[in-house]
Amino acid sequence: MEIARRALLDRRRSLTWWIVGSAIYAVVIVVSFPSVRGQDELNDLMDDYPPELMALFAGGETTFDLTAAADYLNSQLFAFVLPLLLIILAVGFGAASVAGEEERGTLELVMSYPVTRGRVLLEKAAVLVVLVAILATATYVVTFGVGLIVDVDVALVDVALSLVGQILLGITFGFFALAVGAFSGSRVLAIAVASGVAATSYLVGSLAPVVSWLEPFKWVSLFYYATGDNPLANGLPLGHVIVLVGGAAAALAAAVVGFARRDLRGR
Amino acid sequence: MSTSVDSDTAVPPAIETRALTKYYGTVRGIEAVDLVVEQGEVFGFLGPNGAGKTTTIRTLLDFHRPTSGTATVLGLDSRVDYVEIHCRTGYLPGDLELYDRLTGRALTNWLARLRGTEDLSERDSLAERFRLDLDRPIRDLSKGNRQKVGVVQAFMHMPELYMLDEPTGGLDPLMQEEFRVLLREVVGRGATVFLSSHSLDEVERAADRVGVIRDGRMIIVDSVKALRARAKRHVVMRFTEAVDRAEFANLPEVTDVTATDQELRMTVSGSLDAVVKTASRHTVVDFVSQPADLEEIFIDVYRASGENV
Chain A
0 MEIARRALLD RRRSLTWWIV GSAIYAVVIV VSFPSVRGQD ELNDLMDDYP PELMALFAGG
60 ETTFDLTAAA DYLNSQLFAF VLPLLLIILA VGFGAASVAG EEERGTLELV MSYPVTRGRV
120 LLEKAAVLVV LVAILATATY VVTFGVGLIV DVDVALVDVA LSLVGQILLG ITFGFFALAV
180 GAFSGSRVLA IAVASGVAAT SYLVGSLAPV VSWLEPFKWV SLFYYATGDN PLANGLPLGH
240 VIVLVGGAAA ALAAAVVGFA RRDLRGR
Chain F
0 MSTSVDSDTA VPPAIETRAL TKYYGTVRGI EAVDLVVEQG EVFGFLGPNG AGKTTTIRTL
60 LDFHRPTSGT ATVLGLDSRV DYVEIHCRTG YLPGDLELYD RLTGRALTNW LARLRGTEDL
120 SERDSLAERF RLDLDRPIRD LSKGNRQKVG VVQAFMHMPE LYMLDEPTGG LDPLMQEEFR
180 VLLREVVGRG ATVFLSSHSL DEVERAADRV GVIRDGRMII VDSVKALRAR AKRHVVMRFT
240 EAVDRAEFAN LPEVTDVTAT DQELRMTVSG SLDAVVKTAS RHTVVDFVSQ PADLEEIFID
300 VYRASGENV
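Chains as they are written, first to last, in numbering that gives the first Met the number 0: chain A, 0 to 266; chain F, 0 to 308.
Incorrect hints may have been included.
Unchecked claim - Quick look at which bits of chain A chain F covers, simulated, 3 or more residues with Cβ under 8 Å:
(1) 99 to 105
(2) 111 to 117
Claimed, not checked - Anything over 12 Å on all C-beta distances counts as not near chain A; from chain F, calculated:
(3) D94
(4) L119
(5) V220
(6) S270
(7) T282
Said to hold, decoys possible - Only some residues are given here: those of chain F computed to face chain A with a beta carbon under 8 Å:
(8) L60
(9) R64
(10) T66
(11) V82
These aren't lab readings, by the way, just hints derived from the structure by calculation.
Just so you know, even glycine gets a beta-carbon here, dropped at the ideal spot from N, CA and C.
The whole structure should be built from the sequences, with the hints applied where relevant.
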């Protein structure tokens with residue numbers, strides 16, 4: 000696991016800043032909760048909002064109770080902001096770790112060592128999983144740790160299921176970027192395609208509940224499976240987990256195949 | 000694939016390619032390259048930039064896949080057995096890019112672990128020998144010192160085969176000399192060196208045999224001596240009095256004779272003997288004989304190979 004170890008060591012500083020940033024955001028969100036709790040007029044206010052707009056910013060939720068912890072945290076943090084952070088981290092690493100290194104020329108020396116292409120790719124993928132899992136878990140620990148102090152009560156099992164969904168979501172888009180990079184050798188293309196797909200996926204996932212012609216297409220959105228039905232309140236169906244794991248596995252398999260079959264880019 | 004090795008005891012060539020061809024789409028990389036590098040020799044792989052040197056090396060190391068043809072390295076199929084080939088090969092890329100936030104020590108420690116070894120004694124002695132400070136971040140190193148890191152990592156596991164792409168770029172003359180000594184040492188213990196360069200000077204000082212590649216095709220493989228002998232030389236002579244150019248113009252293997260006052264210039268292919276003997280009839284003030292530069296030699300060899308076809 001030398002390649003993974005190296006990649007992880009190289010990222011430890013930037014990962015620390017990612018954690019600091021998202022933890023600060025999470026703390027602000029959580030400590031604001033007590034001032035929202037019991038303010039029923041907030042919910043009345045939102046009744047006047049166009050449901051499409053609400054859905055867009057709350058990951059497809061249109062009827063939520065801002066004064067309940069699970070709905071509040073979902074709409075403010077877990078439906079949009081945290082997935083966004085995780086996907087940026089994962090797509091950035093997925094694109095940089097193979098295609099990016101190839102373009103910079105640093106991969107050539109590594110590939111001249113006794114390592115298979117599959118091993119290089121899988122070790123980078125393992126690091127991607129670790130990075131996403133650490134950032135997501137740290138954010139959850141901070142959120143619900145501080146939440147204990149301000150009496151946020153969400154069932155621990157739902158917290159855990161929600162976390163699983165977030166991690167799988169980040170990993171899948173990260174693997175997708177890895178795969179585009181592995182096929183093309185282009186970091187920019189990997190970022191562009193993966194971000195585009197993620198953005199489309201988010202739009203479809205969050206608008207499908209309120210835009211009738213989109214409704215039949217909700218199943219193409221990974222957000223629908225990971226965050227669609229507020230896992231903090233409703234848990235995460237096993238079927239959704241299977242779809243997410245399957246998506247990640249398919250992207251990873253494509254990445255391995257794509258990387259093994261082509262010429263490495265030379266500088 | 001079949002090789003020329005008939006018995007198990009025979010040593011396979013360090014590198015053997017058969018009609019090795021690489022196209023990038025419709026862009027020519029290399030074309031039908033046949034090459035045999037025997038174990039224990041320094042083979043100079045010479046050609047202008049863009050001729051296909053790096054393409055050949057990258058194909059031998061399985062970074063690029065041949066369009067057609069085959070290659071074996073140390074008797075192993077370049078496509079199938081690339082991990083073992085990499086195990087037994089030290090590679091110095093032409094476009095060397097290192098993880099430049101690391102120190103030379105951290106990088107080479109890590110690279111050694113990639114080979115599954117903890118033995119760093121050779122790394123340390125190489126660093127000392129080339130006066131490389133292993134404790135500075137690579138981004139703070141000069142081009143020459145980065146190149147030394149590249150040399151150290153290629154040599155520190157004492158492989159059987161060295162694939163070196165423009166190895167002395169950035170090294171100062173003293174270190175270049177040290178590098179040549181090092182090449183002699185590794186060949187002395189039976190290793191093979193495949194030395195790619197666009198500099199005839201670099202190759203002829205280090206190599207036993209030379210292959211010249213141009214526009215993706217091998218145009219000649221010969222010993223350094225023989226290649227030099229085929230090369231033209233530019234001769235400039237100065238005498239105490241004016242000398243008739245006709246005296247030299249009619250000599251065999253002499254062309255392009257021009258005379259200005261007491262100075263004569265000419266191009267000589269082959270031996271200088273006749274020129275020297277003719278010159279000795281006069282009082283010679285100065286005699287300069289310069290080998291034609293590489294491009295001229297290429298053009299010559301290229302023409303010759305074209306005529307032979």
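Interface hint compliance - F/V82 to chain A, C-beta minimum distance less than 8 Å:
Because about 5 Å separates F/V82 from the closest Cβ in chain A, which is inside the 8 Å limit, the hint holds.
Evaluate the condition: distance from the CB of F/S270 to the nearest CB of chain A exceeds 12 Å.
Consistent with the label, F/S270 stays out of reach of chain A, its closest Cβ about 43 Å off (over 12 Å).
Assertion that F/L119 lies outside the chain A interface [Cβ separation over 12 Å]:
holds, 15 Å
Coverage of the region 111 to 117 of chain A by chain F (three or more Cβ within 8 Å):
Since three or more residues must qualify, the claim that chain F covers the region 111 to 117 of chain A holds, with 5 doing so at under 8 Å.
Checking hints one by one. Is F/L60 an interface residue toward chain A, by the C-beta closer than 8 Å rule?
It holds, given that the least Cβ distance between F/L60 and chain A is near 6 Å, below 8 Å.
At 12 Å, judged by beta carbons, does F/T282 keep clear of chain A as stated?
holds, 57 Å
Taking 12 Å as the cut and beta carbons as the points, is F/V220 off the interface with chain A?
holds, 25 Å
Holds or violated: is there a CB of chain A closer than 8 Å to the CB of F/R64?
The hint holds - F/R64 has a Cβ within 8 Å of chain A, the shortest such distance being about 6 Å.
Beyond 12 Å on every Cβ pair: is that true for F/D94 relative to chain A?
violated, 4 Å
Interface restraint verdict for F/T66 against chain A (beta-carbon cut-off 8 Å):
violated, 10 Å
Coverage of the region 99 to 105 of chain A by chain F, judged on three or more residues with CB within 8 Å
That given contact holds, which follows from 3 residues of the region 99 to 105 of chain A lying within Cβ reach (below 8 Å) of chain F.
Going through the hint list in order, the structure does not satisfy hints 3 and 10.
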